[in-house]
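Number of protein chains: 2
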Amino acid sequence: MQDSIGIFDSGLGGLTVLKSLARHFPQESFCYVGDIARLPYGNKSPETIRKYGDQVLDFLHRQQVKALVIACNSASTMYLGEKDFKGIPLLNVIEPGCRAALEAASDDKIAVLGTSATIRSGAYARILKQLRPQVEVLEQACPLFVPLVEEGMLNDEVTQTIARRYLTHICQQRFKTVILGCTHYPLLRQDLLQVLEPGTQLVESGDVLARELQQLFASGQLPAAHGPSRSLKVQITDLTDHFERLALQLMSPESIGVLEKIVL
Amino acid sequence: MQDSIGIFDSGLGGLTVLKSLARHFPQESFCYVGDIARLPYGNKSPETIRKYGDQVLDFLHRQQVKALVIACNSASTMYLGEKDFKGIPLLNVIEPGCRAALEAASDDKIAVLGTSATIRSGAYARILKQLRPQVEVLEQACPLFVPLVEEGMLNDEVTQTIARRYLTHICQQRFKTVILGCTHYPLLRQDLLQVLEPGTQLVESGDVLARELQQLFASGQLPAAHGPSRSLKVQITDLTDHFERLALQLMSPESIGVLEKIVL
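Respectively, the protein sequence lines represent chains H and W.
Using the working numbering, the letters of the first sequence map in sequence onto residues 464 to 727.
Using the working numbering, the letters of the second sequence map in sequence onto residues 464 to 727.
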């Protein structure tokens, strides 16, 4: 998989990123690792997240991918400012997300939704304020969103009731730009739009990472693929019916070339 | 910890079991391992659950505990019928739970609530029918209950709305004996009783395991503690603020003697 782009997530949520990148770059091959055996990362300690993250990146490194994308926001908080991993270009999802949100916003107010680990890290607020010191940031942990997505409770009244609780301050304080700081959250798009003020903009990781990769290609830092056809490979650290169903929900079955279990 | 009883859970839910056993056996010392770094077990494959389970049991075995209690229901499904682990008496939570439910029931109808892995295993239904072939069993997976407990959403309207969904058939078909097939569920007792028919009996793992241990003591298979004072040791594979809070919610802080992080 020497010409592939590696994508790493704690689970299958990052398939939303794979899907977006595969659409933006139809020539490129991708190699996705989901660390399902040990998910969720969102409630682990920084030391444990970094340890597991390094194991996954090492695994992708040994497969000689040409770039590494950390789709998982909780893992990304451990790699801020790191431009490469053992010499391979490394992208995390936080810094590009901040830049995209600031460009999209019509005011100086950005809200961030994420897992407990992502919000506790304070990474989004810190980087947003580095980029634009006067920005007002509201960070909100939404720990039930991942289990709700994994139970398929989309367009669901219960999900919207829980969303209403999490989003109270965002609505009351009229934040109109919201970073979806977790790969699972794009699947809740409809539920969130039901609850948020009309006209609220949602910033999603897939689009943001596509822009970053585009810049790497344009600047010549990353060579474009030259093979006759591309491949999409999904490797996960555990294999259950549940996750197979979820994978099919997230990606159309014919688009995944290889789905295999690996041991880290 | 040569005179201790080892308790194993995927997380901290099993502290409900530790609390119950510590109350029943005030002389005994306990050594608890919560595999927090890799929880939840409830959505992993059988192979992965067994692999992680063996690692934890091995760890407790090396600490020379005198008995091993698997408090985690998902892990218990992997050790059915196994009476010892490397020569040390081994208790799982499923078989004793089935016996206790059949004794408690005034009819031949038993409902079981559990994680996806526990329910998918079909272990409860299989054992209940072995013990009483005419019993009618209704098994219901409740995958959102663990995250709801871990977010502290107890005595909460949202939790009750979700419970109402999960318990629809149990209420409609008038099941009056319900096994709480997950260590977290006793914390939802009040929420469940709000939703279930009045007079429904809940069978909890802590009580059930206390009875089993009592029998091992009474039969002489397990020597009683003889030290001057007992100790309670909690060892977890990851340490986060979140789980410290949860631990304190589940056990009073002064009752935990040692809380330490271990690597498996």
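What the hints contain is simulated information worked out from the structure, not anything from laboratory work.
Fair warning: this is a prediction, and the values are worked out from it, not measured in the lab.
Think of the CB as a built atom: it goes at the ideal place given N, C-alpha and C, for glycine as much as any other residue.
Hints may be right or wrong, so weigh each one.
Here are some of the chain W residues that sit facing chain H, going by a computed Cβ distance under 7 angstroms [unchecked claim]: (1) Asn506; (2) Pro610; (3) Leu617; (4) Val621; (5) Thr624; (6) Leu656; (7) Leu659.
Covered, in the sense of this in silico footprint (three residues per stretch, anywhere, with C-beta under 8 angstroms from a C-beta of chain H), are these stretches of chain W [said to hold, decoys possible]: (8) 526 to 532; (9) 702 to 709.
Residues of chain W clear of chain H, computed beta-carbon distances all greater than 10 angstroms [to be verified]: (10) Glu545; (11) Lys546; (12) Ser579; (13) Arg583; (14) Leu607; (15) Glu614; (16) Asn618; (17) Gln684.
Consistency of the hints with the structure:
1. Asn506: holds (6 angstroms)
2. Pro610: holds (4 angstroms)
3. Leu617: Given a least distance of 14 angstroms, the restraint on Leu617/W is violated.
4. Val621: With Cβ-Cβ at 6 angstroms, under 7 angstroms, it holds.
5. Thr624: Where the cut-off is 7 angstroms and the nearest Cβ of chain H is about 6 angstroms from Thr624/W, the hint holds.
6. Leu656: violated (20 angstroms)
7. Leu659: violated (19 angstroms)
8. 526 to 532: violated (count 0)
9. 702 to 709: holds (count 5)
10. Glu545: holds (23 angstroms)
11. Lys546: holds (28 angstroms)
12. Ser579: Given a closest Cβ separation of 6 angstroms, the condition is violated.
13. Arg583: Label violated. Min Cβ-Cβ 8 angstroms, cutoff 10 angstroms.
14. Leu607: violated (6 angstroms)
15. Glu614: violated (5 angstroms)
16. Asn618: holds (15 angstroms)
17. Gln684: Fine: 35 angstroms to the nearest Cβ keeps Gln684/W off the interface.
Against the hints set out earlier in the document, violations occur for numbers 3, 6, 7, 8, 12, 13, 14, 15.
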